[in-house]
Each structure stands twice: as C-alpha cells, then as structure tokens.
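Visitor: Chain by chain, the residues run as shown.
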Amino acid sequence: MPQSVESANAIADSDALAVERTLAGDRDAFRVLVERHSQNVFRLAYRMTGNRHDAEEVVQEVFLRAYQKLRQFASRANFGTWVYRITANYAIDRMRQRRKEEARREAPRAEGQEKTESDPVNLVHDGKPTPERLTQSIELRKQMQQALAALSHAERTAFVMRHWEGCGIEEIAAVLKSNSGSAKNTVFRAVQKLRRSLQPFVERGTQARVMGTES
Amino acid sequence: MRHVTEEELIAYREGLTSQRSVISQHLAACEECRAELQRIEAVLAALDTLPVPDPGADYGRRVWQQIAPRLPEKPTRSWRVWLEPGRLAALGAITALIIAAFWIGRVTKRDHVAVEIVNREQVRERVLVVAVGQHLGRSEMMLVELSNAEPIDPAQKLVDISTEQRRAGDLLQENRLYRRTALQEGDAGLASVLDELERVLLDVAHSPEEVTPAQLEAIRQKIEARGILFKVRVVSNELQQRQKEIKPAPSQNNSTKKEGNKI
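Chains as they are written, first to last, in our numbering: chain V, 821 to 1035; chain E, 8 to 270.
Derived by calculation from the structure, the hints in this document are not laboratory data. Just to be clear, a hint being listed does not mean it is correct.
Examples of chain E residues lying across from chain V (beta carbon under 10 angstroms, computed) [stated by the list, open to error]:
#1 20
#2 30
#3 34
#4 36
#5 51
#6 62
#7 77
Glycine is no exception: its CB is placed at the ideal position from the N, C-alpha and C atoms.
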C-alpha cells in the first residue's frame, strides 16, 4: 500500500474527523473508516491466519472492537495503525483458536485455491506451465504455507507485520507485548525458521528452471 | 575479514540494522556473503509470491453491511476516559467530597457517641437512684418492723427477730454495693447515709435470732439515736425527686424513625 506522505496525512486527518463524528453520535461516520481500511485489514488478517474465511471473520470482529473501543483511541494519532494493532491481536487469538480446532479434528485444512498473478508458478517457470512445473509450484506453495503455520504466533505476527506490512519494530513490540530487542529477535527467528524449511524447495525450483532453460 | 552473520544479513534485508553502510561495504567486497544474502532473499521472494485473495472493490461496503446491525448506538464509554485531565479533576473533587463526607460522618458520629454516653450515664444514675430508693424503702420497712417487734407470747422473755435478721443480712450485701457505687459516683451525701445504715444493718444481722426485750430496746435506741429512719426517709424522698428529674435524652435512632414515619 504505497502512499505519499501527503495522502497519508490527508487520510489520517480525514480519519480523525470521522472518529470525532462517530464519538459525537454519528454512527454513519464510522462507515467511512470501515470502507477505507477494510482491504488493508483483510490483507494483514489473511497473511496472519492463512485462510480467507478466518480473515473475513477477523475483519468484522476488528471493526466491531474498534467501534466499541473508539473512545480509547480518541487521543491517539493514527487510526490505521491502531486498527492494525487490533487486527494483529485478534488474528493471534483466531490462530490459537484455529490450531486447537485443527488439533481436535486432525483433518487436513481445506485451503482456498486462489490464483493470482503472483502465483509461485511464475517463480519456477518463465514459460508455459507444464504439468510437472505446476506440480512443483503447488508443492512449493504448500511448503510455504506449512512453514508459516509452523511458526509460533509471535514469530508469524512479527514476520507478517515487518516483512509484508512494513510495520515499525515498536509497533510489533506493542502487539507482542515485549520490547524492541525482543521483537527484533522474533523477526530474525521467524526468517531463520522459514529459511531452514523452504530453502531446499526454493533451490530445487531454481535448479528446475535452470535445467528447463538449458534444455 | 569477518563475514556477516545470518542474523546481520536478515537484519540488513528487513531494515533492522544500524550497521547498514558497514554491511553494504562488506557485501560489495565479499562474494560469499553476497551469495548467502541471495539465498535468504530467494526464500523471502518465494514467500512474497504467496497470493492474497482480492476481496473485491466493494469489500468495505460489504463489511459495513455485515457489522452495522451489530453496532451499538454509541461507542461504549471506557474507564480510560476518566484519565482525561478534565475528568481527573472532577474525579478528584468527588473523591474530596467523599473524604469530607466521611470525616463529617465520623465527627457527627462522635457527637452521637457523646450523646449516647450522656444517655448511658443518665440511665445508669436513674437505675442507681431507683435501686437505692427501693433498697432504702426495704431497709426502712425492716427497721420499722424491728422497732415494733414484740414477743408473740407476753409470757415469753425472748423476741424472735430471725426474719429481720435474715433480711438485714441481705440488705447489708446490697447496701455495701450501693455505698461503693455512691462513692464512685461522687455522691458523698448518699454514701454517708448508706454508711450509717450499714452499721445498723450490721448490728441487726449479727444479732441473735432471739433477743431479750432489753437487747431489742438497745437496738431500737441505736436506730433512733442515729436518726437513721429519718435520714433514710429524707434520702428516699430526695431520690424520688431526682428520679423525676432524670429524663433520658431521646436517642437519634428514635428521632430518625419518627422522621421517617412522618414521611
């Protein structure tokens, strides 16, 4: 979500006004905040929970909580940052809950098979996807999802917030209820674990691509 | 040349290092560390390809439609709002009022306690006056009966005063108690009369159950010489008067109840 400083400031000002009006009793003013931030909240929730259903549930719950706690926000600077923190916290709760449910069911998680332009197939193949390369791509995606799922809630939160959402280390520390040093270490640990799990698959994909190009 | 550690490379890649220029210089010169960084970046680049589904352009509107019916009319008040300066001042004022009310309550209660103490003392005095009055009445009656005692059979030479003797013994015990109490209360006049009565009661109590008319006459004279019956009557009258004067102050509870009943 690249934004210029001017547009970010304009949005923050507009957010502050919407918050003020909501607190004054204009419930529809909250609609502006929901419509403006839903996409970002959904992206963070999806990256943290790993599935669409949970992410959508997190989004709804986050805005309900934000509305209920809006008076606590009144004196704070940035609604976007504040709502991000609520999202990360609630997503952690949802991940814990999901993990317990899965442990009970012991059933493989049915994952949505969304395809986008950034599909891993493009990483392992720069030409037409053959059935073999498609299988490799699907396998790599599965490995990445498993590697992310194997992280602790704190590691996944720290990695998502830092690597994908570009959040400041202080903000991450606030969500993890720790200090900056500890939050940094959590980011390092997450990347190290992901590397250990995924590097063999990534290198295999790279080799396959090289061989495919050579052949 | 020391190579860059994995942790330093991750920090470099994620923008979490304060040694950025030092590491950059090293990477420019060290192929091994550059290759290591590329391996880390390849993993992160692969992760970046993980798709995030597009919820649609109208997603925000849909979220609003889903949550709007569940929103309360107004955001709830939080305890944190009490930390705002204005509210803190109000909270301080309320606290001061509560403390003041508590203090006033204690002072007022002290007054109530004082009234209760006064009442208690009055009640105690009243009980003492009534009890001593009755004691004096019984003593007077016993002394009168003793003064009028005569032999049942004129032929008999001994007079049976055993009943008066026993009553005198009982009255003696009571008299000692009332005399001490009168002394403690600072009522010297009453204590003096009770002291004289005690001596008479003592004589009677220690007399034989049957006395000769001469012995009985000696007791009568002793009673008359001391003027004890007269003194007892005077004191009894005084006590009756005091009894009328002592009216216990109405208690706060009673008055409150009455006020409550009026409402």
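Visitor: Which earlier hints can't be squared with this structure?
Guide: Per hint list: 2, 3 and 4 violated.
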